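A.B. asks: Our numbering applies: residue 2 is where the first sequence begins, and numbers increase by one.
Keep in mind that the hints are not guaranteed to be accurate.
Unchecked claim - So the derived label-pair ranges between C-beta atoms look like this: (1) Leu18 - Ile129: 20 to 26 Å; (2) Cys87 - Asp21: 36 to 42 Å; (3) Glu14 - Leu191: 18 to 24 Å; (4) Thr133 - Arg67: 29 to 35 Å; (5) Asp15 - Thr149: 25 to 31 Å; (6) Asn132 - Gly167: 21 to 27 Å; (7) Pro202 - Thr69: 35 to 41 Å; (8) Asp184 - Asp102: 38 to 44 Å; (9) Thr133 - Pro13: 31 to 37 Å; (10) Leu42 - Ile129: 18 to 24 Å; (11) Phe168 - Asn70: 35 to 41 Å; (12) Glu119 - Gly89: 24 to 30 Å.
What the hints assert, rightly or not - Straight line, CA to CA, 20 Å or less: simulated SDA-like cross-link-like pairs of lysine to any residue: (13) Lys59 - Leu93; (14) Lys199 - Tyr185; (15) Lys20 - Gly89.
Simulated from the structure, these hints should not be mistaken for laboratory data.
Predicted, not measured: the structure shown is a model, and the values here were computed from it.
Cβ coordinates follow ideal geometry from the N, Cα and C atoms, glycine included.
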Amino acid sequence: MDHNLSSLNKLPEDFYLRKDVVKIARELLGKILVTNFDNILTAARIVETEAYNGAVDKASHAFGNRRTNRTEVMFGEGGFAYVYLCYGIHHLFNVVTNVKDTPHAVLIRAVEPIMGVEDMLIRTGKKILDNTLTRGPGNVSKALGIHTRHTGLHLLDDEIFIADDGFKIKPSQILATPRIGVDYAGADALLPYRFIVKGNPYVSGKKG
DNA sequence: CTGACGATTCACT
DNA sequence: GTGAATCGTCAGC
């Protein structure tokens, strides 16, 4: 498969402005997440996502329309990056969706490296490519060089964007499961808002 | 200003 | 399976 830059078509703004965040999370499987910081280009195919359904979702940082400096970007228009620090160590990358004042987001939990593997190895301090390089949301950000300072970047700019190279995941290869690490969310923790590519070795946690 | 804690990961046992 | 790492964020004083 051809992986040069010219084959990468950014997802249009319309993609992010739609109202169904669960559907968007499913559709992001198979798309390519690209980062281009300091002339280092890395790209990877998305294989695991989670939808966070804003004000009515107890697992969301924006539950009850809670606005803080951190969550403010989620209250803006879809198509921006929401990056936040977890456990003091891990930078988690999310895509903001829906229109202004509806704080939806999709967490990217796992990707499969396509371009810039050497740079990902340097960033993560790993010696060889294996499934752990970009498995789990903390590792995704580490390998792609994403930091909390990148929160608020627009996904149609050239530093972080998501592209479609025409690759299609068959519906039969997609599995919906409950989300990871949100037990505190009560009944909302059981919602099938996590999407994975069946059998992909980069998928984190339970494979279904 | 202070203290508690988290959409996790890794190195252990 | 368990615990430590580690710091920005937020509520409360």
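A.B. asks: Against this structure, judge whether each hint is valid.
C.D. replies: Hint-by-hint comparison with the structure:
1. Leu18 - Ile129: 20 to 26 Å: violated (41 Å)
2. Cys87 - Asp21: 36 to 42 Å: violated (26 Å)
3. Glu14 - Leu191: 18 to 24 Å: violated (32 Å)
4. Thr133 - Arg67: 29 to 35 Å: holds (34 Å)
5. Asp15 - Thr149: 25 to 31 Å: With Cβ atoms ~28 Å apart, the hint holds.
6. Asn132 - Gly167: 21 to 27 Å: holds (25 Å)
7. Pro202 - Thr69: 35 to 41 Å: holds (37 Å)
8. Asp184 - Asp102: 38 to 44 Å: Cβ of Asp184 to Cβ of Asp102: about 29 Å, so the range 38 to 44 Å is violated.
9. Thr133 - Pro13: 31 to 37 Å: holds (33 Å)
10. Leu42 - Ile129: 18 to 24 Å: Holds: the Cβ-Cβ distance is about 21 Å, inside 18 to 24 Å.
11. Phe168 - Asn70: 35 to 41 Å: holds (37 Å)
12. Glu119 - Gly89: 24 to 30 Å: holds (28 Å)
13. Lys59 - Leu93: holds (18 Å)
14. Lys199 - Tyr185: At roughly 27 Å apart (the allowed maximum being 20 Å), Tyr185 and Lys199 break the hint.
15. Lys20 - Gly89: violated (32 Å)
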